[in-house]
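> Given the structure of chain A, go ahead and fit chain B onto it with the hints provided.
There are 2 protein chains.
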Amino acid sequence: MTSKATTAKQQGGSKDSPTKTQQIILTGDRPTGPLHLGHYVGSLRQRVALQKEYKTFVMMADAQALTDNANNPDKIRQNILEVALDYLAVGIDPKHTTIFIQSLVTELAELTMYYLNLVTIARVQRNPTVKDEIKQRGYSGESVPTGFVCYPISQAADITAFKANLVPVGSDQVPMIELAVEIVRTFNRTYNCDVLVEPKAGLSDITRLPGTDGGGKMSKSLGNAISLGDSTDVVQKKIKGMYTDPNHLRVEDPGTVEGNPVFAYLDAFDKDKKELQTLKEHYRRGGLGDTVVKKRLTEVLLAELDPIRARREEFAKDPAQVMRIIEEGTKVARAAAAQTLKEVRQAMRIDYFESR
Amino acid sequence: MTSKATTAKQQGGSKDSPTKTQQIILTGDRPTGPLHLGHYVGSLRQRVALQKEYKTFVMMADAQALTDNANNPDKIRQNILEVALDYLAVGIDPKHTTIFIQSLVTELAELTMYYLNLVTIARVQRNPTVKDEIKQRGYSGESVPTGFVCYPISQAADITAFKANLVPVGSDQVPMIELAVEIVRTFNRTYNCDVLVEPKAGLSDITRLPGTDGGGKMSKSLGNAISLGDSTDVVQKKIKGMYTDPNHLRVEDPGTVEGNPVFAYLDAFDKDKKELQTLKEHYRRGGLGDTVVKKRLTEVLLAELDPIRARREEFAKDPAQVMRIIEEGTKVARAAAAQTLKEVRQAMRIDYFESR
Chain A
1 MTSKATTAKQ QGGSKDSPTK TQQIILTGDR PTGPLHLGHY VGSLRQRVAL QKEYKTFVMM
61 ADAQALTDNA NNPDKIRQNI LEVALDYLAV GIDPKHTTIF IQSLVTELAE LTMYYLNLVT
121 IARVQRNPTV KDEIKQRGYS GESVPTGFVC YPISQAADIT AFKANLVPVG SDQVPMIELA
181 VEIVRTFNRT YNCDVLVEPK AGLSDITRLP GTDGGGKMSK SLGNAISLGD STDVVQKKIK
241 GMYTDPNHLR VEDPGTVEGN PVFAYLDAFD KDKKELQTLK EHYRRGGLGD TVVKKRLTEV
301 LLAELDPIRA RREEFAKDPA QVMRIIEEGT KVARAAAAQT LKEVRQAMRI DYFESR
Chain B
1 MTSKATTAKQ QGGSKDSPTK TQQIILTGDR PTGPLHLGHY VGSLRQRVAL QKEYKTFVMM
61 ADAQALTDNA NNPDKIRQNI LEVALDYLAV GIDPKHTTIF IQSLVTELAE LTMYYLNLVT
121 IARVQRNPTV KDEIKQRGYS GESVPTGFVC YPISQAADIT AFKANLVPVG SDQVPMIELA
181 VEIVRTFNRT YNCDVLVEPK AGLSDITRLP GTDGGGKMSK SLGNAISLGD STDVVQKKIK
241 GMYTDPNHLR VEDPGTVEGN PVFAYLDAFD KDKKELQTLK EHYRRGGLGD TVVKKRLTEV
301 LLAELDPIRA RREEFAKDPA QVMRIIEEGT KVARAAAAQT LKEVRQAMRI DYFESR
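Top line first, the protein sequences correspond to chains A and B.
Counting in the working numbering, the first sequence runs from 1 upward without gaps.
Counting in the working numbering, the second sequence runs from 1 upward without gaps.
Don't read these hints as lab results, they were simulated from the structure.
It cannot be assumed that every hint is accurate.
Same chains, same label: a pair holds when it works inside one copy or across any pair of copies.
[Unchecked claim] Lysine to aspartate or glutamate pairs mimicking EDC-like chemistry, simulated, CA-CA at most 20 Å apart:
#: 1; residue 1: Lys75; residue 2: Asp351
#: 2; residue 1: Lys135; residue 2: Asp74
#: 3; residue 1: Lys220; residue 2: Asp272
#: 4; residue 1: Lys342; residue 2: Glu327
#: 5; residue 1: Lys331; residue 2: Asp290
#: 6; residue 1: Lys331; residue 2: Glu182
#: 7; residue 1: Lys295; residue 2: Asp270
#: 8; residue 1: Lys331; residue 2: Glu354
#: 9; residue 1: Lys131; residue 2: Glu142
#: 10; residue 1: Lys342; residue 2: Asp290
#: 11; residue 1: Lys52; residue 2: Glu328
#: 12; residue 1: Lys55; residue 2: Asp132
#: 13; residue 1: Lys240; residue 2: Asp270
#: 14; residue 1: Lys331; residue 2: Asp351
#: 15; residue 1: Lys280; residue 2: Glu313
#: 16; residue 1: Lys52; residue 2: Glu252
#: 17; residue 1: Lys295; residue 2: Asp230
So that you can see chain A by itself, here it is in the shape it has in the complex (with noise of 0.2 Å):
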C-alpha cells in the first residue's frame, strides 16, 4: 500500500468542515418520460432552489434506464430532450447547474466496474430499494437483468465521481445512499486513501405527491400523473377528473382531508396556509363541495404551471441549443469525473504511466 493520497486540494483546504458553497449536490432523473408534478415537488423545486448555494450536478441517467429498458433505447433517446426541456422549464439553470448525459460520462462506467468488486453479490440482492423494485416491475428471479441488480453500485460511482455530499432521495431510496457510503468507507480503507467523499441522503419535507387516481404515487405509466408540460386544458381536465374522499357524496356531508390527493396537492403548492386551514375545516364538518376545492386547487396550479409551460414552450423552439447545453453540460461532468478516476487509479495503483 502507498501513502494517503490527499483529496484536501479538491475539497477546499479543511476536509472535515467545508463551507456551504463548495458542497456539492448530485441529483437526476431516468429519462424515460416528461417530468411530472412529483418530480417537481420531491425535487425539481428543491434543485431550484439550492443551485446557487451549491455546486450542482443534474443527471440524465440514460444507462441506469437501460437497465430496465434495454429492448426500448428509443424511449430514452426521445425523453433526453424532453427531460432537458422539463428542467430548463422549471429554473435549473445551466449558469449554476451542470445537465449531463451519464452514458457520456464514460468514466462512469470504469469506477463501477472497480466497485463491483468491492461489494458481494449477497449484499446487492439484500438491498431493500432494488428488492422493491424488482418486485415493481414484476421481474421473476429468473428474469431479472444483471444491470438492474447492480445499478445501486453503478448509482455510487455516479455520485462518488462527482465527490457528492449531499443526494437529494424519496425516503424509499436511503438504502441506495447507505451503500455508497459503505462503498466509499471500502474503498478509502482498502486503498489506503481519502479520495472518495461519503454523500448525505438529502430528504425533502414532501417526498412523494399521490397520484391523481389517489394512488400512492405519480407515475407516467399509470397514467396518474400531471406533466410539467400539460396544458391548461389538460390540467383542468386531469383535476376534474381527480380522486377525491369517496364517502364525501353531498356537498352538505362531511368529508376527509387525509389522504385526498386534491388536499395533498393543495399542501404542496398553496402559499397561502391559513386560507387553506379554513378550507380544510370546511371540507371536515360539511358543505364544501369538491367542485369548489378543485377550483381553488386549478388556479393554485395553473399559477404555479403558467410560467413553466411559457418558458418550456419559450426552449422548445430551439431545440438544437438545448442540446448544446446538455452537451456542455456533460463536458464539464466528464472533466469533474476524470479528475476523480485520477486519484482512484492512482490510490489503487493502477495508473501505470501517469505516476513516478
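Structure of chain B alone, referenced to chain A:
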C-alpha cells in the same frame, strides 16, 4: 428500431467468409504472477505460431484480476512488467501482436455496462466456469464479489470490442465463450444490427500441463510451476524434485507413464517422438530409473527455456522500453475498441451528438 448498421467494411467485405488474414484473435492473461510452462504449452506457443496469420490482441487482464484481488493491486501492478517480459521472451512480437492493458481501454467498461442489461443474473450465476471458480477460491455464497460474478460479461465485452473471431481457451472456459456468443446474438437482435461478431473457442491440443507435484494444474500459487524466467539451477532443482510414479521404487520395477508428469512434459516438449516412445516402453517394462528420464527432460526443457530466458534478460535491461511497447499497444487497442463502441452506441441510439 433503426435500419441495420452494417459493419461489412470492418470485416473485409464478405461477412460470411472473411479470409484467414483478416481474422482476429483475442487472448490474454491475468497479471497476477509470472507466466509458467503451463501458459507456454496451453497458449503462448500457439499465439506466437498464429500471430502472423491472425490479427492478434493480447490483453493483460488487470481489471479482471481485480475482481478477486481488489485488496492487492500492488501484486497486479508489479506483474504487468513481468508478464510483458514473458510475452516478449517467448516471441510475441509487438510488430504483429497488440499487447495492451485492459483497464486502460475504458471502452471495455462501458461495453460491459450495456451487456449487463442483456443477461439475467440467474444466467450468469448458472455459468459452470464461474461456479467452479467460485468453489476454487473458497468463496461462500455471501462473500463472492459482484465483479467476480459479472466477469464473464466483462469478458464478452473484451472479446467483442475487438470483434474477435477466435478466442484460444482451455476446455473449462468454453461456457464463457458460449455466453459471449449469446450476448452477441441478443445485442444484434435487440438493436437490429450486425455490429457484433460471434467468437469461436479455439482449443489447443495440450490444454493443460500438470504441476511438478503431479497435481491437476500447474499454478504458481500451488508452488508446482516452472516459470519461464526460472534460472537453469532452479529448473534443474524443480525437475529433480518432480513427482513421478510413486510405485516405481527401484530401477528394475516396471513404471507407469500415464499420469506421470515427467512424461507429460516430455510429450509436450520432446521433439524426438520416436526416441520418446522407446523411453516410455523401457520405463513401462522396468530397468529405466527416474534419474535418467529426468535427465532427458532437463536437456529438452533447458533447450527450450534457455533462449527464452536469454531474451527475457535482454528485454529486462530496459523496462521503460517494455512499458512503451505496452503503452503503444494500449493506444492501438483503444482505437479498435472505440470504433466498436461508436457502432454500438449508434445501434443503441444513444449516440446523441454524433448522428443525424
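> Next, verify each hint and record whether it holds.
Outcome of the hint check:
1. In this homomeric assembly, Lys75 and Asp351 come within 20 Å of each other (Cα to Cα) only across copies, at 14 Å, whereas the closest approach inside a single copy is 38 Å.
2. Within a single copy, Lys135 and Asp74 get their C-alpha atoms no closer than 25 Å, and across copies no closer than 41 Å, so neither meets the 20 Å cut-off.
3. For the identical chains of this complex, Lys220 and Asp272 are neighbours neither inside a copy (29 Å) nor across copies (75 Å), given an alpha-carbon limit of 20 Å.
4. Taking the closest pair of Cα atoms, Lys342 and Glu327 come within 20 Å of each other only across two copies (17 Å); inside a single copy the shortest separation is 22 Å, beyond that limit.
5. Proximity of Lys331 to Asp290 under the C-alpha cut-off of 20 Å is found in neither arrangement, the shortest distances being 50 Å within a copy and 68 Å between copies.
6. For the homomeric pair Lys331 and Glu182, neither the shortest alpha-carbon distance inside one copy (29 Å) nor that between copies (35 Å) is at most 20 Å.
7. Proximity of Lys295 to Asp270 under the C-alpha cut-off of 20 Å is restricted to the intra-copy arrangement: shortest distance 12 Å within a copy versus 94 Å between copies.
8. In this assembly of identical chains, Lys331 and Glu354 lie within 20 Å of each other by CA distance solely across copies; the values are 14 Å between and 22 Å within a copy.
9. Taking the closest pair of Cα atoms, Lys131 and Glu142 come within 20 Å of each other both inside a single copy (14 Å) and across two copies (17 Å).
10. Taking CA atoms no more than 20 Å apart as the test, Lys342 paired with Asp290 passes in neither setting, with 59 Å inside one copy and 56 Å between copies.
11. For the homomeric pair Lys52 and Glu328, the shortest alpha-carbon distance inside one copy (19 Å) is at most 20 Å, but the shortest distance between copies (45 Å) is not.
12. In the homo-oligomer, the alpha carbons of Lys55 and Asp132 never lie at most 20 Å apart, since the shortest distance is 31 Å inside one protomer and 47 Å across protomers.
13. In this homomeric assembly, Lys240 and Asp270 come within 20 Å of each other (Cα to Cα) only inside a single copy, at 18 Å, whereas the closest approach across copies is 89 Å.
14. For the homomeric pair Lys331 and Asp351, the shortest alpha-carbon distance between copies (15 Å) is at most 20 Å, but the shortest distance inside one copy (22 Å) is not.
15. Taking the closest pair of Cα atoms, Lys280 and Glu313 never come within 20 Å of each other, the shortest separation being 35 Å inside a single copy and 87 Å across copies.
16. Neither within a single protomer nor between protomers do Lys52 and Glu252 lie at most 20 Å apart by alpha-carbon distance, with minima of 49 Å and 91 Å respectively.
17. For the homomeric pair Lys295 and Asp230, the shortest alpha-carbon distance inside one copy (17 Å) is at most 20 Å, but the shortest distance between copies (87 Å) is not.
Going through the hint list in order, the structure does not satisfy hints 2, 3, 5, 6, 10, 12, 15 and 16.
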